[in-house]
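Asker: Could you build all of it, start to finish, from the sequences and the hints given here?
So the chains spell out like this:
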Amino acid sequence: MTEMVYGTAPMRVGEPILPKWWRTIDKWSMISVLLLFGIGLLLGLAASPPLAARNGFAPFHYVERQAIFGITALMAMFITSMMSPTLVRRLATLGFAAAFVALAFLPLFGTDFGKGAVRWYSLGFASLQPSEFLKPGFVVAAAWMMAASQEINGPPGIRISLVLAVVIVGFLAMQPDFGQACLVLFGWGVMYFVAGAPMLLMIGMAATVFLGGMVAYNASEHFARRIDGFLSPDVDPTTQLGYATNAIREGGFFGVGVGGGEVKWSLPDAHTDFIIAVAAEEYGLVLVCVIIALYATIVLRSLGRLVRERDPFIRLAGTGLAAMFGVQAMINMGVAVRLLPAKGMTLPFVSYGGSSLIAGGIALGMLLAFTRARPQGEIGDILRGRPR
Amino acid sequence: MIRTPLRPLARILQAREKGENTDAIERENLRIRHEQMRDDARRRAEGRLLVLGGLFFLAFSVIGLRMGVLASTEPEEPRAAVAGASIVAQRADIVDRTGRILATNLETHSLYAQPPQMVDPIQAARELAAIFPDLEEERLIKDFTGPRKFLWIKKKISPEQKQAVHDIGEPGLLFGPREMRLYPNGKLAAHILGGASFGREGVHAAEVVGVAGVEKTFDQWLRDPANGGAPLELSLDLTVQAAAERVLWGGMKLMNAKGAASVLMDVHTGEIISMVSLPNFDPNERPRPPARGDAADSPLFNRAVQGLYELGSTFKIFAAAQAIELGLVNPDTMIDTKGPLRWGRFAIRDFHNYGPELSVSKVIVKSSNIGTARMAMDIGAERQRTFLKKLGLLDPTPVELVEATTSQPLLPPNWSELSAMTISYGHGLSSSPLHLASAYASLLNGGRSVAPTLLKQTGPRKGERIVSGEVSAQARQMLRRVVTEGTASFGEVPGYRVGGKTGTADKPMPRGGYYDDRVIATFASVFPADAPRYVLIVSLDEPVETSGAEPRRTAGWTAVPVAAEMITRVAPLLGLRPQIEPEPMTGVTLTAN
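Top line first, the protein sequences correspond to chains R and L.
The first sequence: position 192 = 192 (my numbering), numbered continuously.
The second sequence: position 13 = 13 (my numbering), numbered continuously.
Careful: at least some of the hints might be erroneous.
Label-pair restraints from in silico Cβ distances [stated by the list, open to error]: (1) R:Gly260 to L:Ala230: 53 to 63 angstroms; (2) L:Asp120 to R:Ser266: 22 to 32 angstroms; (3) R:Leu201 to L:Leu9: 30 to 40 angstroms.
Coverage of chain L stretches by chain R, computed from C-beta distances (three or more under 8 angstroms per stretch; other residues unrestricted) [said to hold, decoys possible]: (4) 32-44; (5) 62-71; (6) 484-494.
Examples of chain L residues lying across from chain R (beta carbon under 8 angstroms, computed) [as the list claims (entries may be wrong)]: (7) Ala59; (8) Asp224; (9) Gly228.
Simulated from the structure, these hints should not be mistaken for laboratory data.
Where is the CB? At the ideal position from N, CA and C, for every residue including glycine.
Answerer: Here it is in structure tokens:
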């Protein structure tokens with residue numbers, strides 16, 4: 001009865017998948033993702049021609065590639081979002097295992113493309129960054145273990161997932177890629193928090209970090225200088241950060257106009273890490289606010305739908321995916337406005353990059369699959385007179 | 001085996017009694033408990049998810065607000081970092097006693113190249129070689145077209161040169177701000193200041209480090225920002241130093257000497273007012289130390305501090321003063337001067353035969369080796385050694401120059417009676433002119449030891465007593481008589497009552513023995529002799545005075561006139577007024593002998 005009301009149970013055998021999907025999907029989030037991808041293409045038109053010129057390609061070479069990758073990513077997202085949570089869990093766990101092996105063998109077979117960090121497998125026509133695929137896989141696998149640990153007679157899932165997280169962080173730190181390592185740790189922490197970490201432990205950890213920071217600030221001159229440099233209000237306008245800040249100021253509220261931006265010519269990472277600066281310069285604060293609002297919509301709506309979720313695994317996995325997605329966007333934008341110390345991180349779905357785009361598509365597909373409306377036994381609650 | 005409790009126990013036991021399968025009951029119970037746990041977990045997670053959502057909302061809002069704040073402010077013009085931002089004048093100035101600048105800093109630029117950024121390396125190399133004649137075009141072309149990504153071209157360039165390099169218009173030629181050390185007086189006081197060079201170098205700044213002289217001695221102090229830019233005040237007087245250098249240079253040329261040194265010291269404070277060593281160099285372009293040959297012939301060699309010479313008869317006054325102080329003689333005691341004085345196989349002779357005996361004063365005035373040696377025999381080796389040690393002649397001088405610490409006087413390995421006799425007239429012990437200056441100052445300032453210093457002092461700095469004030473006065477009187485009636489008659493400067501002692505020492509040959517045509521001529525003087533203020537040492541290396549029929553090398557003909565000219569020039573600068581000499585205080589009758 002309940003399932004018939006909510007429509008996840010087939011009313012008749014062989015109910016079409018698409019209508020069911022359309023009914024249950026979180027349409028706001030999905031539209032936000034599509035808009036973000038569209039904005040990414042739009043900004044790619046502005047930001048990538050200088051790079052193409054440097055590398056000797058046609059002006060919109062990177063935009064075309066981005067479109068191809070993006071369509072692949074959207075297809076991956078749609079297909080993933082149509083799967084049931086159990087199928088997602090199984091496939092993601094398998095994918096996680098594959099990505100983990102790929103990550104472990106990176107020092108042997110990977111390349112660094114002359115950038116100093118071995119993060120990629122070169123496939124000839126494109127490159128593959130296993131850590132991008134590892135992140136969503138890890139979140140799902142860890143959520144599964146945490147959820148299992150809450151069952152009676154369940155395995156010690158929290159401990160196992162923590163060990164996994166530490167091993168992954170170790171591999172990532174070896175590359176080195178501290179940004180991704182932090183993201184993985186953060187994702188695990190958020191899931192642990194939602195899974196019911198003891199409050200005392202949380203407060204203790206926060207206090208330890210704070211005290212450690214204070215001690216490091218007082219004891220280490222180097223650390224103190226970095227923090228002071230970050231806190232000081234003026235920024236050297238000849239650094240990447242300085243150019244990005246200036247671009248945001250130059251743009252003002254409505255931007256200097258399409259194609260009129262200058263910052264893309266001076267920033268080597270204009271199409272990836274500092275794409276928000278290009279957006280701010282050419283389209284102004286308006287577009288930046290739209291972008292922020294889109295990210296906030298995805299994260300907040302997902303979290304809101306997960307509040308009502310009854311299945312611990314779905315709740316944890318969805319939270320982890322949403323939080324990681326949101327934090328990555330926040331770090332990227334936070335660096336550009338100097339709220340955070342400099343750290344290279346892409347803006348999901350907007351920055352140029354094949355691996356991150358496709359992996360992002362899969363991750364969001366999983367998130368959409370987890371946030372689909374499904375029966376939460378609410379009628380049962382009401383009938384039993386339990387408050388909810 | 002882990003025993004799992006049976007729940008719900010009552011129902012299971014009942015079912016067992018009836019022989020039913022209990023699995024279904026257990027499963028049902030587990031399902032209900034899971035259901036309850038999930039409800040609990042969801043309730044707990046609800047709160048936490050809301051907190052998480054709130055945090056995310058807050059963070060996104062902060063980023064949005066920050067974007068808004070940034071968007072509403074004015075952009076800054078991107079500029080290269082201001083030249084002096086990271087290297088403000090860090091090294092303290094060095095000034096003389098009246099505050100005139102001896103060493104300061106100048107902002108300039110270094111020139112470096114980044115060949116990968118070059119548009120036309122060949123053209124750039126050609127034009128650079130035209131601007132800087134010391135650069136070789138082929139070498140530059142090789143560097144610019146080779147694999148190097150970075151190279152220094154010039155450490156310091158002038159503004160005109162910088163503009164000329166700008167005009168080449170080559171983007172691969174770049175300038176780094178530099179603070180360089182500037183010695184505006186050129187060669188003046190070169191040996192004292194020493195020089196500075198770049199230590200660790202970066203594109204945006206370079207460290208200036210002292211390499212010699214006070215720049216090296218006080219390197220830490222000069223660099224210490226805690227001094228708040230206070231300059232280092234030296235005891236030197238720039239005008240006196242300039243006059244002394246000029247006179248000494250002229251004297252060196254006139255006397256055909258290959259080198260010269262002078263030290264002018266305040267007898268009460270030990271302050272070195274001027275110190276000259278010739279030949280000298282320009283600390284702005286400090287030459288490289290010679291790879292071959294004698295280091296003592298390099299212009300970098302500070303003869304006044306590092307040059308260890310047997311300073312000859314100038315030492316005689318020490319023997320006479322000690323003998324008087326010990327009560328062995330008084331200035332009028334007659335000393336046997338019959339020569340030669342034999343000691344074992346060694347014979348001591350005088351330059352002239354001065355007759356069978358001379359008074360102590362006359363021994364000094366006539367510069368009798370035999371008479372001095374006899375006094376030294378009476379004093380004894382041990383007491384002589386103690387006395388010279390108190391005068392600072394046996395140890396490196398404590399003056400604030402890195403070069404001074406290694407200038408250990410050369411002493412006889414075994415201080416025998418014979419050594420005592422030869423040392424009494426200045427042979428067998430090598431010391432620097434600065435040693436002699438501080439020993440004279442200690443002996444003649446009233447008899448209290450002073451240490452030489454290059455730092456400006458506020459008052460007298462006198463140490464332990466060496467001789468009584470009376471002996472000190474008698475020594476000065478004897479030295480005055482050397483000028484009025486003895487070997488240093490050219491040393492008279494009207495109104496300044498110069499007293500002093502000449503010394504002419506044969507130079508030792510590298511393989512032992514002495515040259516008979518190469519001397520170190522020294523004049524050690526004090527003025528005014530009746531109220532001592534300054535000690536002046538002038539030392540000429542291998543002088544020959546050729547105005548007469550035969551070449552003359554003695555100090556009386558070479559070092560003394562130079563010293564007299566120096567005092568003539570310098571005394572008024574020091575604020576001394578010429579005065580009529582007071583009558584001799586003791587009743588010495590100047591009878592012909």
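Asker: Evaluate each hint against the coordinates.
Answerer: These are the hints, each one checked on the structure:
Remark: the range hint 53 to 63 angstroms for Gly260 (chain R) to Ala230 (chain L) is upheld by a beta-carbon distance near 54 angstroms. Against the hinted window of 22 to 32 angstroms, the Cβ-Cβ separation of Asp120 (chain L) and Ser266 (chain R) comes to about 24 angstroms, which satisfies the hint. Distance hint check for Leu201 (chain R) and Leu9 (chain L): the Cβ-Cβ separation is about 35 angstroms, which falls inside the suggested range of 30 to 40 angstroms. Only residues whose C-beta sits within less than 8 angstroms of a C-beta in chain R count toward coverage, and the segment 32-44 of chain L has 8 of them, enough to reach three; the restraint holds.
With 8 residues bearing a CB less than 8 angstroms from a CB of chain R, the segment 62-71 of chain L meets the requirement of three and the coverage assertion stands. Note: the segment 484-494 of chain L has 0 residues with beta-carbon separation from chain R under 8 angstroms; the three-residue rule is not met and the coverage is violated. Given hint, Ala59 (chain L) at the interface with chain R, holds; its Cβ is 5 angstroms from that chain's nearest Cβ, closer than 8 angstroms. Checking Asp224 (chain L) against chain R: minimum C-beta separation of about 18 angstroms lies over 8 angstroms; hint violated.
Because the closest C-beta pair between Gly228 (chain L) and chain R is about 22 angstroms apart, greater than 8 angstroms, the hint is violated.
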